[in-house]
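Asks: Listed below, chain by chain, are the residues.
Number of protein chains: 8
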Amino acid sequence: TRSGVPEAVLGDGKTPGEIADLASTAVETTGRAIVTRIDPPAAAAVRRELATDAPEATVRWSERSNWLVATAPEFERPDLDATVGVVTAGTSDAVPAGEAAMLAAEMGAAVTRISDVGVASIARTIDAVDRLRDQDVLVVAAGREGALPTVVAGLVDTPVIGLPVSTGYGHDGAGEAAFSGMIQSCTTLSVVNIDAGFTAGAQAGLIARQVADARGDDV
Amino acid sequence: TRSGVPEAVLGDGKTPGEIADLASTAVETTGRAIVTRIDPPAAAAVRRELATDAPEATVRWSERSNWLVATAPEFERPDLDATVGVVTAGTSDAVPAGEAAMLAAEMGAAVTRISDVGVASIARTIDAVDRLRDQDVLVVAAGREGALPTVVAGLVDTPVIGLPVSTGYGHDGAGEAAFSGMIQSCTTLSVVNIDAGFTAGAQAGLIARQVADARGDDV
Amino acid sequence: TRSGVPEAVLGDGKTPGEIADLASTAVETTGRAIVTRIDPPAAAAVRRELATDAPEATVRWSERSNWLVATAPEFERPDLDATVGVVTAGTSDAVPAGEAAMLAAEMGAAVTRISDVGVASIARTIDAVDRLRDQDVLVVAAGREGALPTVVAGLVDTPVIGLPVSTGYGHDGAGEAAFSGMIQSCTTLSVVNIDAGFTAGAQAGLIARQVADARGDDV
Amino acid sequence: TRSGVPEAVLGDGKTPGEIADLASTAVETTGRAIVTRIDPPAAAAVRRELATDAPEATVRWSERSNWLVATAPEFERPDLDATVGVVTAGTSDAVPAGEAAMLAAEMGAAVTRISDVGVASIARTIDAVDRLRDQDVLVVAAGREGALPTVVAGLVDTPVIGLPVSTGYGHDGAGEAAFSGMIQSCTTLSVVNIDAGFTAGAQAGLIARQVADARGDDV
Amino acid sequence: TRSGVPEAVLGDGKTPGEIADLASTAVETTGRAIVTRIDPPAAAAVRRELATDAPEATVRWSERSNWLVATAPEFERPDLDATVGVVTAGTSDAVPAGEAAMLAAEMGAAVTRISDVGVASIARTIDAVDRLRDQDVLVVAAGREGALPTVVAGLVDTPVIGLPVSTGYGHDGAGEAAFSGMIQSCTTLSVVNIDAGFTAGAQAGLIARQVADARGDDV
Amino acid sequence: TRSGVPEAVLGDGKTPGEIADLASTAVETTGRAIVTRIDPPAAAAVRRELATDAPEATVRWSERSNWLVATAPEFERPDLDATVGVVTAGTSDAVPAGEAAMLAAEMGAAVTRISDVGVASIARTIDAVDRLRDQDVLVVAAGREGALPTVVAGLVDTPVIGLPVSTGYGHDGAGEAAFSGMIQSCTTLSVVNIDAGFTAGAQAGLIARQVADARGDDV
Amino acid sequence: TRSGVPEAVLGDGKTPGEIADLASTAVETTGRAIVTRIDPPAAAAVRRELATDAPEATVRWSERSNWLVATAPEFERPDLDATVGVVTAGTSDAVPAGEAAMLAAEMGAAVTRISDVGVASIARTIDAVDRLRDQDVLVVAAGREGALPTVVAGLVDTPVIGLPVSTGYGHDGAGEAAFSGMIQSCTTLSVVNIDAGFTAGAQAGLIARQVADARGDDV
Amino acid sequence: TRSGVPEAVLGDGKTPGEIADLASTAVETTGRAIVTRIDPPAAAAVRRELATDAPEATVRWSERSNWLVATAPEFERPDLDATVGVVTAGTSDAVPAGEAAMLAAEMGAAVTRISDVGVASIARTIDAVDRLRDQDVLVVAAGREGALPTVVAGLVDTPVIGLPVSTGYGHDGAGEAAFSGMIQSCTTLSVVNIDAGFTAGAQAGLIARQVADARGDDV
Ligand SMILES: Nc1ncnc2c1ncn2[C@@H]1O[C@H](COP(=O)(O)O)[C@@H](O)[C@H]1O
Ligand SMILES: Nc1ncnc2c1ncn2[C@@H]1O[C@H](COP(=O)(O)O)[C@@H](O)[C@H]1O
Ligand SMILES: Nc1ncnc2c1ncn2[C@@H]1O[C@H](COP(=O)(O)O)[C@@H](O)[C@H]1O
Ligand SMILES: Nc1ncnc2c1ncn2[C@@H]1O[C@H](COP(=O)(O)O)[C@@H](O)[C@H]1O
Ligand SMILES: [Mg+2]
Ligand SMILES: [Mg+2]
Ligand SMILES: [Mg+2]
Ligand SMILES: [Mg+2]
Ligand SMILES: [Mg+2]
Ligand SMILES: [Mg+2]
Ligand SMILES: [Mg+2]
Ligand SMILES: [Mg+2]
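Residue numbers (the numbering used here), protein chains in the order written: chain S, -5 to 213; chain U, -5 to 213; chain A, -5 to 213; chain Y, -5 to 213; chain D, -5 to 213; chain P, -5 to 213; chain C, -5 to 213; chain X, -5 to 213.
Derived by calculation from the structure, the hints in this document are not laboratory data.
Remember, it's a predicted structure, so these values are computed and weren't measured experimentally.
Every residue gets a Cβ at the ideal spot worked out from N, C-alpha and C, and that includes glycine.
One should not assume that every hint holds.
To be verified - Once the Cα atoms are required to be at most 20 Å apart in a straight line, the calculated EDC-like pairs of lysine to aspartate or glutamate come out as:
1) S:Lys8 to A:Glu70
2) U:Lys8 to X:Asp33
3) D:Lys8 to C:Glu57
4) S:Lys8 to S:Asp33
5) X:Lys8 to P:Glu12
6) P:Lys8 to Y:Asp47
7) C:Lys8 to S:Asp33
8) C:Lys8 to S:Asp121
9) D:Lys8 to C:Asp33
10) A:Lys8 to D:Asp121
11) P:Lys8 to Y:Glu70
12) X:Lys8 to P:Asp151
Stated by the list, open to error - So these bits of chain Y aren't anywhere near chain U, every CB distance computed over 10 Å:
13) Asp6
14) Gly11
15) Thr19
16) Ala20
17) Pro49
18) Ile108
19) Pro158
20) Gly169
21) Glu170
The following block holds chain S by itself, in its conformation from the complex (with noise of 0.2 Å):
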C-alpha cells in the first residue's frame, strides 16, 4: 500500500473461521497472508482453507509467537540490504518481539534476534555491544519496569524503538510502567504502544527501507 506496511490480520477477537477466509483471500489477492495474535485453532483453519484454496501456498506459523504467514510459490518477498536487530531481555517478550522480527522479515529487512540481554543482569547487556552496534535499527522489547531501551540506547547511535511487553502485575503493571519509563527516558527512544510488535517491526521496517534505499536498492 501507499503508507508502506503490508496489510494484515489481527486474530484477536475473530473465529477461526473467520480468520482462515480472510486470509485465503489475502493470499489470492496480495499472495501472501500475514496473521498476527493467532492461536493453535485458528492457524489449523487456516491451513485447512489453505489446503483446498491454495495448495501450493507455503505455510509458517510461530506457535510461540502466534503469528502465521502463507505465501503463494510466486509471491516474491523484498529483499532490503538493511538490517534490523531485535532485542529482548527474556522468555515473557517473545510474543510481541517474535511479531516485530516476522513484520520487518516480512519487509524485507535481514533481522537479528539478540536475546536474554535484560538489565537484572547487566554485564549480559554490555557484552552484547557489539552485535548491537552492527544493526542499522533496534526494537528493544522489556517488560516490568522496561530500563532495557533506555541503556541500550545510552550503548549505541543507532535509532532505537522501544516496544513495551505486558508483563508485571499490581500497581501500573500489564506494561503500563515499562511504557511510561520508555517515554520518559533519559536517553533517545521512540516509542510504540504496549505489545504493539507489529507497529515495532513495521517502524523498523520503514526506516531499513530509507536506508536499503540509500544504499542503492530497488524498493
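Take the given structure of chain S and dock chains U, A, Y, D, P, C and X with the ligands to it, following the hints.
Replies: Same frame as chain S, now just chains U, A, Y, D, P, C and X with the ligands:
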C-alpha cells in the same frame, strides 16, 4: 557522545546565571552550546556571559521556539546528505516543533518545515503530499486530538515520528489526548513524550545519519 | 415517552429468559421491542417466546450488530422527512454503528450507511464528501485514535456526533484514546460514551425530528 | 468556512498585543472578530487597536463571560429562524455558558438564557419546563456533579448538549465528575469537553441552522 | 462487637464449602450468620451444612440481592424505634440496595424500600417526597451518572448516604461516574464505596441506633 | 432551606468585594452570613462592609480555619441537645476540621474538638476513647494515608464520617490516598470529598438534629 | 546470584508442563526449585516430574499460599542468625504474606508469623507489640485501606516493609488504596508492589543477611 | 521517639516565622532541629531566631538540598558502626538525595555519596560497583524513567531502597514514571514516595541501626 546525540542544557527550572555558566562551559569544551526552553532573560544572560568568555562565538536564538545555539568559530557542525521534514498543524506547535527542527539541523540533517497542514482543513494536508514524500524521515507535531501524524503516515511510506503537543484544556488536555491518539494510531507511527521536541529531533537525526551513512557520508 | 426516545432493553448481563420476557411485554404494551447487545441464544429465546405470545409479530435481528427489533402488526413506526448518516472507518465499528443506525431508523429517520472511509486512506474519506454533505445529521464512529469524526466535521457544516468505539489495546485502549481525541477535537463535535451507539442514534434521531418538524412533519 | 463555524481567537496564553493584532486582522478580512477567554487588559488592547485600525467597528465585550465580538459596520450577522436555549444551574457556570450563548447568537440563532434552575432545588428546574420545551436545541451547563442536563433531558424531547463546568475541588474536581456524569447519563445527551462553551455553542448553532434551513431560511 | 456492626461473611472469592463452614460456625457462636455476595450453589451448600449442624436454624436467602441470613431459634434480633429508607432508581440497583436493607434490618431498624424513582422521570422522584421525608435516615442507591442522591438530598432534611452502583460501561463506567458525582454533589451527602451496600446499611444502622437510643430504646 | 443545611458563601475564587456584598446581603435577608475559605483581606472587607450596612452585627472570624460568621442581633442560632465530635490527627487538618466544627455548631450541635490523636502514636488515639464514645456522631479528619477514621470506627459504635485532608505529596498526594483509604476502610465509615469540611459538618449536623429531635427537641 | 536473591519460577501464565520442566531443571542445576503462584494441578505436575527426574528430592507445597519448594538431598539452605516477622491483618493476606515468609526462610532467616492483628481491633495490634519488637525486620501485609503497616511502624523502631494486598472492590480496589496509603504513610515505611510477597520477602531476606553478617554469620 | 526516627519540620507551606519558631522549640526541647524543604529566607529566619534564643547552637544549612540542622552544644548525635550509600544519577536528584543523606547521618550512619552514575552512561554505573558493594544499605535516587535502582540492585546483594525523583515532564512526568518503574522492577527493591528523601533516609537509618546493633553498638 557514544549515544550519538549532542548534549543540551534544558533551561526549565534553571536560573539565567546557571544557564549562562553551563552554556559558556559547553562552548569552551565542545565548541557548541545547545539550550532548550530558554526564556528571553536567560538568552540575554547567555549573550552577556559569552561576550566576555567567548566573544567570537556565534549565537542563534529562537524567541518563538525558545532555543539558543552558540558555536565557537572553529566548531564544525556535521553535514549529512539526508533530509528531515518537521510538520505542524498550526502556530501552537511552534515550541516543540522548533526544538525538533533545531536539533535535527544541529545533528547535520537538511531540515524542511511544512506548516499549517492541520486536519481541520484536510485539503491543505493533501496538497502537501509531495513535500511530505520528499523527506527521508518526518517529525509530525500536533496538539488537541493529535490526528495529523495518523493522516500523514497514511499518505507516505516514510517513517513518521509523532510529536504530541500540550495544547487543549479539560479532559485529557495538556497533550494527553494527542499522545494517546498517536499511540493508538491506525497507521504506523513511533511516538515521543508530550512536547518532547528534543527527543523527536534527536531520533530523526539518528535516522537521518543512518541514511546519510548508507549514501556514503562520512559520519 | 416524554423524553422522546423509545425504550429499549440492554441485553448485557441479562439471561435469555429475562430478555425474552422483557421483549414480549414490550411488544404487548407498546407494540415494539428493541433489544441491544443481544447474543444469538438470547435472540433465539425471544423468537421462541414471541412465537407463543405474539405469533403475528415481525422480528428483525442483526447478528452483526447484536440488536433485535420486534413489532406487532398494528405498530406504526414514525416516518420523518429527515436523514441521518452513520459513518464508519472499518468493520470493527459494526456493533455501535449498527445500534445507532437501528435506533435512528426506529425513531423514523431515513438512515444512510457510509462505510470504509477511515483516515488511514484519506482519499476514500474525501471521496465520500458529497454523501456526507447530503445528510441532516451525522453519527461518525471510530476506534483506535478516533480521528475520523474530526476530519469529517472539517469537511461538512452538518452537525457531527462522535461515537468512540472500544477497539485498540495497551495504553488508553478499549476506546479511551478515541474518546479523548473526539473530546479534544479541533473541529466541532459533540460526543457520546464509548460504544454508546444507542445514545448516538437517539441524539441523531432527536435532531432529525426537529428538522422534520421544521419541514412540516407531523411528529 | 466549510465547517460552518465562525473562526475565533482563543485568548488564553496570548498577550494583549497578539490578541489585538489578530482581532484587528479578523475585522478587516472577515468583518468580524470573535475572541474568547479574554481578560480586561486584552479587551482594552483590542479597543485601542480598533480605535486606530477600524474606528467605525462596533465592540461588544462580556466582562462576566470573558468574550469580545467586534464587527465592521458592513458585517451582516446571519439571522436564523431557530432557537437555542442556554441553561445554567448557578452563577459559576457563567463563563462557558456565556461563550456558548454568544457563539450560537453569532451563528444567527435566537438565544434564550434559562438560569438558576440547578437540581438542588428541583422545583425550580421543573418550573422551567415550558421554557425548556420551547427551544429547538438546548445547551445545559453544570459543574460539581453535573446532574442538570440529565434531569432536563428527561423533561423534554429536544436535543440536549451537556456542557460540564470546571467547578468543584478534591477527587475528580475541576469538572471531571460533571463530565463523567454527563457521559454516563441515563437520559439522552451528547457532550462537549469541560468548559468548552465555544464547542457547545457551535454545535447548537449547526443544529439551529439545519432547523432554520428546514423552515425555509436561506442559509 | 465494639464497633457496633454485626460480623458478616463476604461470599466473593470463597468456595461454597468455605462459606458453609463459616456460616455454620457463625450460627453456632453468635446465633446468626450473615453472608453477602453469595451465589445459588453456595446458598444451597449453606442450607445443607445447617441441615446437619443446626437443623432448627431459620434461613432467609435473597436470590435477587445475593445475601443469606441464618439465625438460631434463640437469637434475638435487636428491634429499634427508628426507620431507614432504602431508595433506588431502577432494577439494576438491587444487589447493593438489598444488602443495605438487609443489614440495617439485622441491626434492628425498620426498613422501607422506595423504588423506581430515578431522575430520568423526575416527576416520580417528586411524588415520593413524603415517603422520603418520613425516614430517620436514607440510603440512596444509583448507577450510571448517580444523580438520584443529589436530587433527594435537596428534597429532604434527613441525612442521606449515597450508594454508587457499578452499572454503566465505557469511560468511568462500573460505577466510577456515579461515585465521583456523589462525592462532588451540590447537596449534602456522605458516600460509601461503589456497590458497598453492606457499609451503607451499617452506617444507616448506626445512625438509626443513635436515634432510637435518643427515643429511649434500650440498645 | 428545605434541605436542612444553612447557605454559605465559598470564598475561593471570589474577590473581597464580591464576598463582602454576598455576606452583607445574607445578614440582611437571613440574619446570618457564613463564609468559608476566606482570606484575611476578604475578612477585612466583610467587616468594613458590615460596619456600614449592619453595624450591630456580630462577626466571628477564624484566621486558622479560614471561616467567618456574621450574625444580626436578632438572629437565633438553633440549639440542639446533641453532640458532634470533630477529631484530628495533627495541625495540618485545621482548615477542613475547623469548617466542619463551625458548621455543625451553626446548625446547633454541641461541638467538641478532639485533637492530636493521630495513629503514628496510637497510644494517644486509644487514650481518647472515652471522649470519642461520648459523642452522638464523629467527624474524623486525616491526611497522608488517612488511617485515623478507620481506627476510630473500630473503637466506637458511633457513626463516623471520614474527612480526607489534602496533605501529602507525590503519588496520590493532595489527599487522594487518604480519600481512597477511607473509601476502602475495613471498618464502617461514610466519607465526604477531600477537604470538604463544610459537607462533613453539614452531614454531622443533620444527624445531630435527628438525634436531638428524638430526644424531644423542637427543631 | 550476584543480586543475592534466589531464582524463582512465577507460575502465573505458565502451563503445568512448563512449570514442571522449569522446576526439574532448577533442582538439577541449583539443588532447589522455588515456584510461586502455582495452582494444585501444576503442583501435581511438578511432583510427577520430580518423581521421575529427581526421586530423592523433598517437595514442600503450600496450598494456601500457592508456593512450592523442592530441594535435592544435598542442598544446604543458608541459616542466618537473624529474624524476620511477617505480620497480617486477616486471612485474605495469606497468599502474599505466605510468599514473603517462604522466601525469607529460603534465604535463611528465622521467620515468625504474627497474624490477625488488623487495625479494626486495635487492641489486638497493641497486644502484639512485644512480638513485633523482637524481630530484626518486619514485613507487614494489609489489604483494603492498608493501615496496619502505618500503625506497626509507629509502635517499633524496626524497619518495616509494607506489602499491599489486592483485596477490596470498587474505587481504588484491588490493592490500590492500600498501596497508596502505605506510600503516603505518616510513619517510616518502604513499600513493594501490590501482592509482591516475593519482593517483600527478598528485601527482608537481604536485610536479615546484613544483620546476620554483622553478628558474625558466615554468609 | 518510639518509632526510631528523629522528628523534623517540613518547611513546605509554612511561613519563615512559623519555621523559625518550630526550630527554636525543637533545639530547646530535644537539642536538635531538623528542617527539610526550607528556602533561603526561612533559613535566614531560623538563624535570626536562634541568634536570640539559643546563641550557642550550631547551624548547618544545605542551600542545594534545602535542609537545615541546628544543634545545641550539648546534643550528642548517635554514632553507628554502619554505612549508608546515597547514589544519584545526576544533579537534578540533589534535593531528595541530600535529604536522605542528611537524615541517615543524623541517625548516626556513616554516609557516602556516590554521584553521577546514571544509566545513560552505563560504564560509569559499573565502575562504581566496588563502592556500591561496600555499603550496608543503599538509597538509590533517580528521575525520568528511574532505571538506576534496578540496575544497581542487579549488581549488589545489599538491600536497595528506590527513591523516585520528580523530574520529567509530559505523560507520567513529575516522577510518576520513575516511581512505577521502581515498583515494577525486575530486581529486588523496596520503594518510597516520589521525592520522599526523608523517608528513604529514615528507612536506611533504621536498617543501619539494626546492623550496628548486631555489630555490638550500644544504640
Ligand atoms: N527540551 C528537552 N526535552 C528533553 N530533554 C532535553 C531537553 N533539552 C535538553 N534535554 C536533555 O536533558 C539533558 C540536560 O539536562 P540538564 O542536565 O538538566 O540540563 C541533555 O543532555 C539532554 O539530553
Ligand atoms: N473557548 C474556546 N474553546 C475551544 N476552542 C476555541 C475557543 N475559542 C476559540 N476556539 C477555537 O480555537 C481556534 C483558535 O485558536 P488559536 O489559533 O489558538 O486562536 C478557533 O478557530 C476556534 O475554532
Ligand atoms: N458486601 C460487603 N462489602 C463490604 N464489606 C463486607 C461485605 N460483606 C461483608 N463485609 C465485611 O467483610 C468482613 C468479612 O470479610 P471476610 O473475612 O473476607 O469474610 C465482615 O466482617 C464485614 O465487615
Ligand atoms: N510472586 C512473584 N512476584 C514477583 N516476582 C516473582 C515472583 N515469583 C518469581 N518472581 C521473579 O520472577 C522471575 C521469574 O520469572 P519467570 O521467568 O517468568 O518465571 C524470578 O527470577 C523472580 O525474580
Ligand atoms: Mg506510512
Ligand atoms: Mg543512543
Ligand atoms: Mg430528552
Ligand atoms: Mg463541521
Ligand atoms: Mg464503629
Ligand atoms: Mg438535604
Ligand atoms: Mg540486589
Ligand atoms: Mg517505626
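Asks: Taking the hints in turn, state whether each one holds.
Replies: Status of the hints after comparison with the structure:
Restraint check: the Cα-Cα separation between Lys8 of chain S and Glu70 of chain A comes to about 38 Å, which exceeds 20 Å; the hinted pair is violated. A threshold of 20 Å between alpha carbons decides the hint, and for Lys8 of chain U with Asp33 of chain X the separation of about 16 Å falls inside it, so the pair holds. Between Lys8 of chain D and Glu57 of chain C the alpha-carbon distance is near 15 Å, which keeps this suggested pair within the 20 Å criterion. As the CA atoms of Lys8 of chain S and Asp33 of chain S are separated by approximately 11 Å, the hinted pair is consistent with the 20 Å bound.
At roughly 28 Å between alpha-carbon atoms, Lys8 of chain X and Glu12 of chain P are farther apart than 20 Å, so this suggested pair is violated. Distance check on the hinted pair: Lys8 of chain P and Asp47 of chain Y sit about 36 Å apart at the alpha-carbon level, beyond 20 Å; violated. Restraint check: the Cα-Cα separation between Lys8 of chain C and Asp33 of chain S comes to about 16 Å, which is no more than 20 Å; the hinted pair holds. Under the criterion of a C-alpha separation no larger than 20 Å, the hint pairing Lys8 of chain C with Asp121 of chain S is inconsistent with the structure, at around 30 Å.
Between the alpha carbons of Lys8 of chain D and Asp33 of chain C the distance comes to roughly 16 Å, so the proposed pair stays at or under 20 Å and holds. Proximity of Lys8 of chain A to Asp121 of chain D is assessed by CA-CA distance (about 30 Å); at most 20 Å being required, the pair is judged violated. Pair hint Lys8 of chain P plus Glu70 of chain Y does not hold up; C-alpha atoms about 38 Å apart against a cutoff of 20 Å. In summary, the hint linking Lys8 of chain X to Asp151 of chain P is not supported, as the alpha carbons are separated by about 37 Å, beyond the 20 Å threshold.
Not every CB of chain U is more than 10 Å from the CB of Asp6 of chain Y (nearest about 8 Å), against its label as outside the interface. Chain U leaves Gly11 of chain Y outside its interface by the beta-carbon criterion, the shortest separation being 14 Å against a cut-off of 10 Å. For Thr19 of chain Y, the condition that its CB be more than 10 Å from all CB atoms of chain U holds, with the nearest at approximately 13 Å. With a least beta-carbon separation of about 15 Å from chain U, Ala20 of chain Y lies farther than 10 Å from that chain, consistent with its non-interface assignment.
Annotated as non-interface, Pro49 of chain Y keeps its C-beta farther than 10 Å from every C-beta of chain U; the closest such distance is 28 Å. With a least beta-carbon separation of about 24 Å from chain U, Ile108 of chain Y lies farther than 10 Å from that chain, consistent with its non-interface assignment. At roughly 8 Å, the least C-beta separation between Pro158 of chain Y and chain U is not larger than 10 Å, which violates its mark as non-interface. Annotated as non-interface, Gly169 of chain Y brings its C-beta within 10 Å of a C-beta of chain U; the closest such distance is 7 Å.
A beta-carbon of chain U is positioned within 10 Å of the beta-carbon of Glu170 of chain Y; the least distance is around 7 Å.
Hint violations for this structure: numbers 1, 5, 6, 8, 10, 11, 12, 13, 19, 20, 21, all remaining hints satisfied.
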